[in-house]
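So the sequences go chain by chain: A and B. Each residue of the first sequence is one higher than the one before, counting from 0 in numbering that gives the first Met the number 0. Each residue of the second sequence is one higher than the one before, counting from 0 in numbering that gives the first Met the number 0.
Just so you know, the hints here were simulated from the structure itself, not pulled from any lab data. Treat the numbers as computed from the prediction; the structure is a model and nothing was measured. Yeah, the Cβ is synthetic: ideal placement off N, Cα and C, and Gly gets one too. Don't take every hint at face value.
Quick list of the computed label-pair ranges, beta carbon to beta carbon [claimed, not checked]:
no., chain 1, residue 1, chain 2, residue 2, range
1, A, 222, B, 74, 20 to 30 angstroms
2, A, 329, B, 127, 33 to 43 angstroms
3, A, 252, B, 127, 24 to 34 angstroms
4, B, 196, A, 40, 42 to 52 angstroms
5, B, 55, A, 329, 49 to 59 angstroms
6, A, 310, B, 74, 28 to 38 angstroms
7, B, 187, A, 183, 54 to 64 angstroms
8, B, 30, A, 261, 27 to 37 angstroms
9, B, 50, A, 298, 20 to 30 angstroms
One-sided and incomplete, this derived list gives chain A residues near chain B with beta-carbon spacing under 10 angstroms [to be verified]:
no., residue
10, 40
11, 104
12, 324
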Amino acid sequence: MTHDVSVDDEMAKHLLQEMLRIKIFEEETKARYEEGEIPGFVHLDRGHEGSHAGMAAAMRDDDWLAVGGARLVGQYIVKGVPLGEIMAELYGRTGGSNKGHGGQMHVSKVDRKLYGHAATIGSGQNPAVGLALAEEMKGTDNVAVTTIGDGGTSRGSFHTALIFAAYWDLPVVFIIENNGWAISTPSESLPPDRLSDYGDPVNIPTESIDGSDVETVYHTVSEAIDRARDGGGPTVIESRVARLNPHFEGDKETYRDEEELERALEEKDPVKNYRERVLEAGVVSESEIEDIIDTIEREVQEAVEYARESPDPEPEAAYEHVYKTPLYGQGEQE
Amino acid sequence: MTREITYIEAVAEAIDEEMDRDDDVILFGEDVEDFGGNFGETAGLHEKYDDDRVRNTPLAEIGIAGMALGAAVGGIRPVAELQFADFAATAGDEIFNQIPKQPYVSGGSLEVPLTIFAPSGAGIGAGAQHSQSVHSWLGNVPGWVVVTATTPYDAKGLLKSAIRDDNPVFYLPHKALVETQGEVPDEEYTLPLGEAVVEEEGEDVTVVATQVMFHRAKEAAADLDVNVELINPRTFAPLDTETIAESVEKTGRLVVVDETVERYGTQSHIANEIVENHFFSFDAPPKTIGVKDVPIPVSPTLETEVIPGTERIKAGIESVF
């Protein structure tokens, strides 16, 4: 199944490159996790690469991204967090974006306008509304994009955020990455036909798109961002993707139908599909793609080396960053 | 020079002066516009600062607290009002998991300079879900600066500092104190966060109390033939244990009175801090006094029963001699 390429050659190459960066980084993450180098647990993004890359390509650097769902690392990558800082954070090292205090679920980087994830799932949308409010108060035309999984849309906090964004017409783009599964609960069993329908009762424009098609995501999110930037208020987008890996590494997926998964792997792999598409359209050659892959593999190896060499935090660092001290007025004479 | 104003006037002045001083300070919550807040704390502000900086919100504390978090990270200084401190529970994830933890998990890169304004405390017959003192809930979550106000002087000076502080501050005025009067300087001032104050010096026993309990402890002390050193912690978290410890080293006796529930309450935490680190300063075991381990009932008779009164505090002070 191929389509014409609907973006210029430079953008097409960029989208492919970003998706490959996610894929290769995560293949290495999986290997490092299996070797026991990465603590905790990891959730991989396979199937979401197109949604992440298309979304970020529609954003300006000064737009906020408040990440949600469980497929996070790809979002950190497309928002421009250096790969070494992400990998070192997965390792829990001092060279990580969060100095080892956050880990895989909490990478944040204010200078890239990446807001930290609400790992309780579904609590990141009201902060995104606040980020949009801050931009509006400061008189910029920057927007806030926020992602959430299908599971998180059942949280009341998600619906409250829609109400608050609509109440003041704030520049927020809500993207629901519906990958079909909240761990083992199928999104098909949720009440709405399309999860973007949750925008209807609060009069927010909605779209439901094939999120495994990177160009569709790019165009749809661009349109929503343009509207938000022009004062047209929020949008809710359902980006339908396939979850091509288990919820977390180690999940045996006993609840999934094997044939359905095989079919998804065959049909809904955004990276494979887009690679074929740009090749067929003559936008890039096989050898150019090989060069891109070589470059990314080198970057990823450098990221792993950086993480390995980055020191563990000193135990005392556990007590840092609880408060910014001194507190206001503390230590001064009254 | 000073003048006498009410506690709630002091609160209103603090918000007004900080909004006037810093354009990044904004105020939002339920009924903060022309209604003026449940206690009159935001009266006149909407007219003065317009729709952008003073905003009524839909009825959802999740949105109020969550939006405040994002707005603060985005570089402005929200004062977000919860109509009653009890409602912190309705925004549980925002208040217990998100706001106090985002600066820490980010390794210090996300800053959250917000103030939650949440009237607390019993004494107006408001029942189990509008009368609680919740600083023990919040004190249990590292990351919050937890501040209470005892007098108009405290109410104004501490709120101004809360708004200027770069941490998330949970500021708890007490509902039963809103009409109380007190001396407040004519000129601008702030009070330090994180520092307790010795309000009255004494030699025989240290009594730690805040808000309504402070005023009752003062009454109790006046009725007793002992010389009480009265300490107002002002900030419950992080707690200034040093000031309390220094006092106990002098007096050898400690009574902690607070309007949080006794079970797992602030009283036992404060007493423990001093006992564990300064055991040999004590001439008698410490005494803790708080709300009885029940939800707060409406009937004035029942409410009076469970909230520490002057007589209970007097008996508590006498018990350490």
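Outcome of the hint check:
no.	hint	in the structure
1	A:222 to B:74: 20 to 30 angstroms	27 angstroms, holds
2	A:329 to B:127: 33 to 43 angstroms	36 angstroms, holds
3	A:252 to B:127: 24 to 34 angstroms	46 angstroms, violated
4	B:196 to A:40: 42 to 52 angstroms	47 angstroms, holds
5	B:55 to A:329: 49 to 59 angstroms	34 angstroms, violated
6	A:310 to B:74: 28 to 38 angstroms	32 angstroms, holds
7	B:187 to A:183: 54 to 64 angstroms	59 angstroms, holds
8	B:30 to A:261: 27 to 37 angstroms	57 angstroms, violated
9	B:50 to A:298: 20 to 30 angstroms	48 angstroms, violated
10	40	16 angstroms, violated
11	104	9 angstroms, holds
12	324	8 angstroms, holds
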